[in-house]
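2 protein chains.
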Amino acid sequence: MLSRVRSAVAHLVSSGGAPPPGPKSPDQPEATSLLPAVPPEAPGSPPAKAGSASGSAAAPAKAAEARASFSRPTFLQLSPAGLRRADDHAGRAVQSPPDTGRRLPWSTGYAEVINAGKSRHNEDQACCEVVYVEGRRSGSGAPREPGPGQQGLCFYYWGLFDGHAGGGAAEVASRLLHRHIREQLKDLVEILQDPSPPPLCLPSTPGTPGSSDPPHLVGPHSCWPSQKEVTHDSLVVGAIESAFQLMDEQMAQERHGHQVEGGCCALVVVYLLGKMYVANAGDSRAIIVRNGEIIPMSREFTPETERQRLQLLGFLKPELLGSEFTHLEFPRRVQPKELGQRMLYRDQNMTGWAYKHIELEDLRFPLVCGEGKKARVMATIGVTRGLGDHNLRVCSSSLPIKPFLSCFPEVRVYDLTQYEHCPDDVLVLGTDGLWDVTSDAEAAATVDRVLSTYEPNDPSRYTALAQALVLGARGTPRDRGWRLPNNKLGSGDDISVFVIPLGGPGSYS
Amino acid sequence: MLSRVRSAVAHLVSSGGAPPPGPKSPDQPEATSLLPAVPPEAPGSPPAKAGSASGSAAAPAKAAEARASFSRPTFLQLSPAGLRRADDHAGRAVQSPPDTGRRLPWSTGYAEVINAGKSRHNEDQACCEVVYVEGRRSGSGAPREPGPGQQGLCFYYWGLFDGHAGGGAAEVASRLLHRHIREQLKDLVEILQDPSPPPLCLPSTPGTPGSSDPPHLVGPHSCWPSQKEVTHDSLVVGAIESAFQLMDEQMAQERHGHQVEGGCCALVVVYLLGKMYVANAGDSRAIIVRNGEIIPMSREFTPETERQRLQLLGFLKPELLGSEFTHLEFPRRVQPKELGQRMLYRDQNMTGWAYKHIELEDLRFPLVCGEGKKARVMATIGVTRGLGDHNLRVCSSSLPIKPFLSCFPEVRVYDLTQYEHCPDDVLVLGTDGLWDVTSDAEAAATVDRVLSTYEPNDPSRYTALAQALVLGARGTPRDRGWRLPNNKLGSGDDISVFVIPLGGPGSYS
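Protein chains in written order, with our numbering: chain W, 1 to 509; chain P, 1 to 509.
Please note: incorrect hints may appear among the correct ones.
Calculated lysine to any residue pairs in the SDA-like style (CA-CA distance at most 25 Å, straight line) [what the hints assert, rightly or not]:
hint : chain 1 : residue 1 : chain 2 : residue 2
1    : W       : K402      : P       : P318
2    : P       : K228      : W       : Y132
3    : W       : K402      : P       : N349
4    : W       : K356      : P       : D233
5    : W       : K402      : P       : S439
6    : W       : K373      : P       : D233
7    : W       : K275      : W       : L360
8    : P       : K317      : W       : P403
9    : W       : K356      : P       : R412
10   : P       : K317      : P       : E361
11   : W       : K317      : W       : L360
12   : P       : K488      : P       : E300
13   : P       : K402      : W       : K373
14   : P       : K374      : W       : D415
15   : W       : K118      : W       : D88
16   : W       : K356      : P       : E229
17   : P       : K275      : P       : K118
18   : W       : K228      : P       : S439
19   : W       : K275      : W       : D415
20   : W       : K337      : P       : S196
21   : P       : K275      : P       : P459
22   : P       : K118      : P       : L153
23   : P       : K118      : P       : S71
24   : W       : K356      : P       : E134
25   : P       : K374      : P       : R393
26   : W       : K186      : P       : E359
27   : W       : K373      : W       : A444
Calculated directly from the structure, the hints in this document are not laboratory data.
Next comes chain W alone, as it looks inside the complex (with noise of 0.2 Å):
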């Protein structure tokens, strides 16, 4: 597999498909012949396309070439002057795609607004896009001959992005991860619009002459009566996993080169054929509220939620601990005074809490500490999931945190097809920067109430909605600080949230 990760990094790091620089690894014959040269927008691509993040059409291929100066999305058509006021810790002022031009794919609202001073700049990013996809060409790069009524894929694609430790990773994510998507779904064009199972295997490499066959015929005829089935969607989640894998990967292979900066959560949404696919890795949330009814897409990964996962991984690999940290959790840091007495722990098995006798080793930090937004891992980080951070180690050690973050995602699916939905339905996407502050009731209730004031068919009531979720969560300027009504701080986190419709692409605008 290592040889399809660097084939696909190293198409998507090359700028219109040139071999990237530095010594060849061994394996870079084969992968450059497994992923034809092709120009990282393909001919004849984008037919819809409109919002792009940090310039997409010009984008620089190369991850690290986007580590340039402070940026916002480009869909939000800053001038310099609002480049500055969308950079002000002091106004905080809401930033949204203007009236005036053209507006996000599929109606969607955004807005989003900058921390109010933890961090230089506004450190979330976010993009909207319309994603063209073309199936594999032949060894020649001429456009295979599609099937009847087969043609390529188009996608809708959604992210949020919250970087932390630089803003780096978070703007690297916004430009590549949607082509890492295409790239994965390329295998797919053929398959995902024949109803029929798809196939086991594919044709060795889709570049090489004379595997012009189409892969589905070869699948079935060798098939065991006891294969197991494996659904389309799964097919595009698998998709979606290994765009994350691949993306992460291409992060850690430049920060030998250009440093990328940090790491970042990712939220995605990929509507495809009739289903929104919800991928999350960090601590962002996407919820539906449909009908005033709230449905969870996604759930947080944590130090805690991820506690028996993380103590696992030290338990096995206890070098990865180093002698500085225990895999045991304790309600609070062990003291020396405490050896031999009996205290409680918890190990990567347990739910719940028993008693044990302290020895010299559980002296040693946690591996996991800490409660709601103070939990981190090896007393560094507060997320366990997402992509970059492969420099981050522990603060005065050598020890790298990597080995315990995961960048894959949890995908969820949801059927647009499935449920009439009505102009007031709509997915929510929002860092933490939001949820910190609004439980989902308290969303569904602003969704509620900005809806409702707008006509169904005006276009700018998601942009509204979006907008009133940022200043619910943002709060104003009162007794030293940043409060909400009931007088409670707001959050003074990056905040960003996406608003889309679910009444389908372009019903409303």
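The hints should help you fit chain P onto chain W, whose structure is shown.
For chain P alone, coordinates are given in the frame of chain W:
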């Protein structure tokens, strides 16, 4: 923790508190002082003891002695002729405690039937007990002065054990697991009856002179402000988890001397201080039927539901796979002629499927394969949690399977005080023999149908319900097989069912 494990095992293994035979391990002196010698059934215990598994009153405390000949739960009070009838695969007579004898605690209903010939004996076992837990004694052997209003604790206990590869493990577990739970709860007798938060620390060794301070005085005043809150419930959960682990360790230790045959799934319910703790390790199932509504109280642990855990372990510890297995999953066995092609696969991180190039290693047998009841770990075992199986190896290989199996249950807590239960609200426990052919909804319909034909205060109604559930899953002999009314095949497996009325202990007896 090992010393705690060994000590408790040593204690439980020895009848009457004598040290276990065999060479002393280095930590045994400490272990002995940790757990002072108390007889298996402490004086002044069971106030309301009734049915027990395999004669617990005079039960040998040594696990290995349970290896004896074929036996059924003593609460069935089977005569030699009755035992032969219960062991008859042709008649498959349903067994329940006799109407004339002492009833099971809590008006519990029970029924069982032997398999249709898949194994020589019924490899299910059951236990239903009222267990008294005395607090730890001080080193002098005299009971510690109880705090005001504090006494020992009673818990009600139900256990279903579904054996495989022999009946030994199920029989041992049915005799001893509740004693391990009692042992774990001894530290908690005072803590659970004290409404203040549990102490983080206890004195070093409960049996040591000088440690007679009430344990809850040790914790709080040495607390840090940022300590994690630990609930009383989670201590009971931890005690049950530890007890499962100790039971499994005991089986591991004894197998070298006297063979404990096979392994078993364990589904256990502990009622303590108003709450039901339902602990499941394996593929048995518990549901509550309350006012017609179904509340799942367990989930099954199988190669399919635990695929990612198993694959992760194989990935991190490839030596466990030998050169025979691959941690990757394919929809079917890969064939040598497919080398170089791309086939669908998924790894420990994926829920979806993607294509990968087939390499030589992929021709190995997959760690997890098959679907539904045919799913297997290492082509051998269809259940991934339980007790025992320490000798289980891959057929015609020396690879041990135990490292992939977990002895830890998932514990769910149901608060009986949060709802006013009526006599028709029940907790149903069944081995997979029941659930293979009975949906939750069908079971709920049987609950309604049977209980509505009995007076609410008729003590035989829950036994009648258990019998109806067993009969409904077994079917009747017809067309050379056991068939259900819809002519589908009934379950040919051992079937065991407990029905626990939720109205409270003895309310309806």
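Status of the hints after comparison with the structure:
| no. | hint | verdict |
| --- | --- | --- |
| 1 | K402/W / P318/P | holds, 21 Å |
| 2 | K228/P / Y132/W | violated, 50 Å |
| 3 | K402/W / N349/P | holds, 15 Å |
| 4 | K356/W / D233/P | holds, 18 Å |
| 5 | K402/W / S439/P | violated, 44 Å |
| 6 | K373/W / D233/P | holds, 24 Å |
| 7 | K275/W / L360/W | violated, 54 Å |
| 8 | K317/P / P403/W | holds, 15 Å |
| 9 | K356/W / R412/P | holds, 23 Å |
| 10 | K317/P / E361/P | holds, 16 Å |
| 11 | K317/W / L360/W | holds, 19 Å |
| 12 | K488/P / E300/P | holds, 23 Å |
| 13 | K402/P / K373/W | violated, 38 Å |
| 14 | K374/P / D415/W | violated, 30 Å |
| 15 | K118/W / D88/W | holds, 12 Å |
| 16 | K356/W / E229/P | holds, 17 Å |
| 17 | K275/P / K118/P | violated, 37 Å |
| 18 | K228/W / S439/P | holds, 23 Å |
| 19 | K275/W / D415/W | holds, 5 Å |
| 20 | K337/W / S196/P | holds, 24 Å |
| 21 | K275/P / P459/P | holds, 23 Å |
| 22 | K118/P / L153/P | violated, 41 Å |
| 23 | K118/P / S71/P | holds, 17 Å |
| 24 | K356/W / E134/P | holds, 20 Å |
| 25 | K374/P / R393/P | holds, 18 Å |
| 26 | K186/W / E359/P | holds, 22 Å |
| 27 | K373/W / A444/W | holds, 23 Å |
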